[in-house]
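Colleague: All chains should be modelled from the sequences, with the hints used to inform the complete structure.
Protein sequence lines, in the order shown, are assigned to chains A and B. Counting in the numbering used here, the first sequence runs from 1 upward without gaps. Counting in the numbering used here, the second sequence runs from 1 upward without gaps.
What the hints contain is simulated information worked out from the structure, not anything from laboratory work. This structure is a prediction, so every number in the text was calculated from the model and none was measured. Among the clues, some could well be false.
Unchecked claim - Cut-off 20 Å, straight-line C-alpha distance, at most; resulting in silico cross-link-like pairs (SDA-like, lysine to any residue):
(1) B:Lys106 with A:Gly240
(2) A:Lys242 with B:Gln85
(3) A:Lys242 with B:Ser204
(4) B:Lys106 with A:Val217
(5) A:Lys242 with B:Ile175
(6) A:Lys242 with B:Met69
(7) B:Lys187 with B:Ile175
(8) B:Lys76 with B:Ile175
Unchecked claim - Just so you have them, the derived chain A footprint on chain B, three or more residues with Cβ under 8 Å:
(9) 83 to 90
(10) 196 to 208
For every residue, glycine included, the Cβ atom is placed at its ideal position computed from N, Cα and C.
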Amino acid sequence: MRQGGKGLAYMKKDKKLQRIILFPVLLMALGLSFMIAVRWGSVEFSNQQIIGLFFGYGEEDAVLRTIIYNIRLPRTLTALMVGANLAMSGALLQAVMRNELADPGLTGISTGAALGAVTVMLVFPAYGALVPVVAFSGAAIACAIVFALSWKRGVDPIRIVLAGVAVNAVLGGGTGLLSILYSDRIQGVLMWLNGTLSGRSWQHVEVLFPYSVLGLVAAGLCIKAANLLQLGDEMAKNLGLKVHLARIALSAVAAFIAAISVSMVGLIGFVGLIIPHITRLLVGSDYRYLLPGSALLGAVFLLSADTAARMVFSPIELPVGIIMAIIGGPFFLYLLRKGGKYKV
Amino acid sequence: MMLCGCNLRVGYDGRIVIDNMDISINRGEIVTLIGPNGSGKTTALKAISRLLDCAGGVVLLDGKNIHRMSTREVAKKMAVLPQSQIMPPDFSVLELVRHGRMPHLKWYEVSGKEDEDIVEWAIQAAKLEHLAHRPVCTLSGGERQKAWIALALAQKPEVLLLDEPTTFLDICHQIEVMEMVQSLNKKLGITVVMVLHDLNQAASHSNRIVVIKGGRVVKEGAPQEVITPELLRDVYRIEAEVYINKTNGCPAIMPLGLAKFA
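Modeller: Dropping the structure here:
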């Protein structure tokens, strides 16, 4: 059992109050970031114009219609779904690994998706439309390899971590090799490797939406198992959980929702790591609150970061992954320094 | 017979720790497994509590093969407290103990009034009412151990298995935990199987003691029959005086030194 517990000010009796307050606040933040994302950009509109448009007015204004409906709205919805998916994926994996430093990349999906996507973009640029499919396949294969390597009469968290590190190194090397061999075509690849929501259209939303709903339901079904896994394998089994099956199922759900997201928008780091962390600080480790809280916060965070990515160096757009890494990195270090309670 | 392991053969990674062991627990008794470090007593406890798979033999819980039962069915009858526990740093006693109701809830069910009542009862039984909202990791070792026992109680088990429940506790908390276990056994009729290192504790709180050495049961019986200078010399390689404690009639040992073999 973990000793000590000095830095626990965040969790006393006010936890209940925080839980009650947090969800309406997050929903409001979601609405706010949504409005900002839709309104602001290289062309600005008024609140009336936008709200009016949603209620069927101003349909005849072609510029307004095109920009809001065809450009900003699908991009915004993509950001919301991807943010929620990645954050939930990270939260679930942290339960599976019993380690708050777990994130979706650990399962090999990021490097797998990257190698797939980069291969298409650099070697077979004519088949650019296949990038999401190949990226998803790459992610799935890499994840399967990681779990196959870590299987030995059940999956042990530490073996997953080590297998993940090794597989990531190999696949990352492959991506690096391709980037060097085809360095003349690297431009578009860089955007993808840093994660970008630029130009995400209704096509992306249509693919993401059903899978995100499916993922959300599946993740919801994982809540009890995630809570039990936090008490250790033996205690979880004592309490009637099929530990190995649960670990595989949770990992599969987490990898799936992360892989479908990454295949759509490229590699966006830190959402899966940091959002569950922040949510844990706010509502505690009970997944009944942690999981929906992470989803909401992840959606708000990624959308806001994407809006910032569009605005900061306007008219140049930055990949949202860069914004996430620049904000996320220092914040993560802050948590690491501050929280003696985190297992590293 | 409540729980029995027949012809058990258990090992880790091909190294056999327990071979050909028979162990049986009757309903309503307190049985303590003792033995030197590495003798296989924890392994035996894990085997009969299905936390470890057996390479051979069979474990019967109420006459049913435990490995054929769903792990959730087992969890409704049997609660196990492993040697070391982990949990998120923010869980309060109440939140921890609530998990004890998990085996009784189907995957779609949320805990109801009855479950909450049982949780409350378990916390009371462990005398932790005043600490119910405190994060478990801010509690002392003894209080923490009681919180985990409360979790086990919330399972409403018929049999409770404890792996070294008093190790690392000061003497007052050791006694508190032991008396709690005894009263659970007496008042609620919960069958108790535990692993203990302290022989005096084992002698004064058990109906029966099972001595394990080298993965085999070398002796079992009532404390007076088992705890003898000869056994201590054979099993633990120590010379000790054994006398009968006048207040409770249980044997007690006073170690004198390592045994000298010619």
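Colleague: Take the hints in turn and mark each one as holding or not.
Modeller: Going through the hints against the structure:
1. For a cut-off of 20 Å, the pair hint linking B:Lys106 to A:Gly240 stands: about 11 Å separates their Cα positions.
2. A distance of roughly 18 Å separates the Cα atoms of A:Lys242 and B:Gln85; the hinted pair therefore holds under the 20 Å criterion.
3. Distance check on the hinted pair: A:Lys242 and B:Ser204 sit about 37 Å apart at the alpha-carbon level, beyond 20 Å; violated.
4. The straight-line distance between the Cα atoms of B:Lys106 and A:Val217 is roughly 17 Å, inside the 20 Å bound, and the hint therefore holds.
5. Only pairs whose Cα atoms come within 20 Å are accepted, and A:Lys242 paired with B:Ile175 is rejected, the gap being roughly 35 Å.
6. Between A:Lys242 and B:Met69, the direct Cα distance comes to roughly 12 Å. Compliance with the 20 Å bound is thereby established for this hinted pair.
7. Among the hinted pairs, B:Lys187 with B:Ile175 is consistent with the structure: their alpha-carbon atoms are about 18 Å apart, no more than 20 Å.
8. Distance restraint check for B:Lys76 and B:Ile175: the Cα-Cα separation of roughly 28 Å exceeds the 20 Å cut-off, and the hinted pair is therefore not satisfied.
9. Counting residues of the region 83 to 90 of chain B whose beta carbon lies closer than 8 Å to any beta carbon of chain A gives 7, which reaches the threshold of three, so the coverage claim holds.
10. Proximity of the region 196 to 208 of chain B to chain A, defined as three or more residues with a beta carbon under 8 Å from a beta carbon of that chain, is not established by the 0 residues found.
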